[in-house]
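Novice: As a plain string of letters, each chain reads:
There are 2 protein chains.
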Amino acid sequence: MDSAEKVNITEKLARFDKHWSPKIVGELNGQHVKLVKFLGEFVWHHHDDEDEMFLVVDGRFRMEFRDREVWIEEGEFIVVPRGVEHRPVAEEGASVMLFEPASTLNTGNVRDEMTVTEVDRI
Amino acid sequence: MDSAEKVNITEKLARFDKHWSPKIVGELNGQHVKLVKFLGEFVWHHHDDEDEMFLVVDGRFRMEFRDREVWIEEGEFIVVPRGVEHRPVAEEGASVMLFEPASTLNTGNVRDEMTVTEVDRI
Numbered sequence: 013m014d015s016a017e018k019v020n021i022t023e024k025l026a027r028f029d030k031h032w033s034p035k036i037v038g039e040l041n042g043q044h045v046k047l048v049k050f051l052g053e054f055v056w057h058h059h060d061d062e063d064e065m066f067l068v069v070d071g072r073f074r075m076e077f078r079d080r081e082v083w084i085e086e087g088e089f090i091v092v093p094r095g096v097e098h099r100p101v102a103e104e105g106a107s108v109m110l111f112e113p114a115s116t117l118n119t120g121n122v123r124d125e126m127t128v129t130e131v132d133r134i
Numbered sequence: 013m014d015s016a017e018k019v020n021i022t023e024k025l026a027r028f029d030k031h032w033s034p035k036i037v038g039e040l041n042g043q044h045v046k047l048v049k050f051l052g053e054f055v056w057h058h059h060d061d062e063d064e065m066f067l068v069v070d071g072r073f074r075m076e077f078r079d080r081e082v083w084i085e086e087g088e089f090i091v092v093p094r095g096v097e098h099r100p101v102a103e104e105g106a107s108v109m110l111f112e113p114a115s116t117l118n119t120g121n122v123r124d125e126m127t128v129t130e131v132d133r134i
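First to last, the sequence lines map onto chains P and E. Number 81 in this note's numbering belongs to position 69 of the first sequence; there are no gaps in the numbering. Number 60 in this note's numbering belongs to position 48 of the second sequence; there are no gaps in the numbering.
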C-alpha cells in the first residue's frame, strides 16, 4: 500500500465479503483507516484507550449504547469516546469506514469469536 | 459539539460557504475531522510533522505533487505523507473531509493570506 496513491472506497469494498472483519485501507499519524461490513449484531464492548469513528459509506446501522441508540445513515458519522460501551447493529447490512489508532482491537475489552487479531491490508 | 452525537456531513456543509477555510466537525485521539470547500488553486506547501488525509464527499479535485498529479473523485481519498509538497486544485469546486492531527495548519510550512489560524467548530 503506497500511502501516496489514492484509494477508491467502492473498489476496496468489492475485495471482501466477510462481515465484522475490518480491513486496513490507509494509515496516517499512527491511525488506521479501515473498511468493515456490518451485518446483524456485533458484541457489546468498549475501548479503554481509543476513541472510534464510524462513517457510513453504504446502508445504515444502529449504534446501541446502554441508555440509548442512534441510527447512522449513509453520509453520517459518529465518534464513540473511549470507555463508552457500544454495540453496532445492522439488520440490513452497512459498509462503514473506521478511523482509529493502529492499536485498536475490534472487540475492545472483549475477546470472543468476533475478535480479529490479524487485520489485513487490502 | 458532543462527540457522542452523530454528524451529518451534508448538513454541516450547508453551514458555510467560504473556500479553503476548514471547519472542525469531529475530534478523536488527538486528531481532527474537518470539512473544507475547495475552489480554484491552493498554495504549494508541506507539513513537517503531519500526514494528511483528503476524502472527497462531493465533486472532485486534483492533487498536484512536484512530479505528478492525481485526480481524487467522490468516494476516493488520498493520504499525503508528511514532508511531501502538494497543492490541491479544484477548478469546479469540491467538498472534502480532512483527517489530521489537531496541530495541523492548513498551509503547513507556509504563512500567507490563505492561512487559517483560528479553525471554527461547526
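I should point out that these hints are in silico values taken from the structure, not numbers from a laboratory. Some hints could be false.
It does not matter which identical chain is used: a pair holds within one copy or between any two.
Unchecked claim - In silico BS3-like pairs for lysine-lysine, Cα to Cα no more than 30 Å straight-line:
(1) K49 <-> K30
(2) K24 <-> K49
(3) K49 <-> K18
(4) K18 <-> K30
Remember, predicted model here, so these are calculated numbers, not experimental data.
Novice: Hint by hint, say whether it matches the structure.
Specialist: Consistency of the hints with the structure:
In this assembly of identical chains, K49 and K30 lie within 30 Å of each other by CA distance solely inside one copy; the values are 7 Å within and 35 Å between copies. Taking the shortest Cα distances, K24 and K49 sit within 30 Å of each other both inside one copy (11 Å) and across copies (25 Å). In this homomeric assembly, K49 and K18 come within 30 Å of each other (Cα to Cα) both inside a single copy, at 21 Å, and across copies, at 19 Å. Within a single copy, K18 and K30 get their C-alpha atoms as close as 24 Å, and across copies as close as 26 Å, so both meet the 30 Å cut-off.
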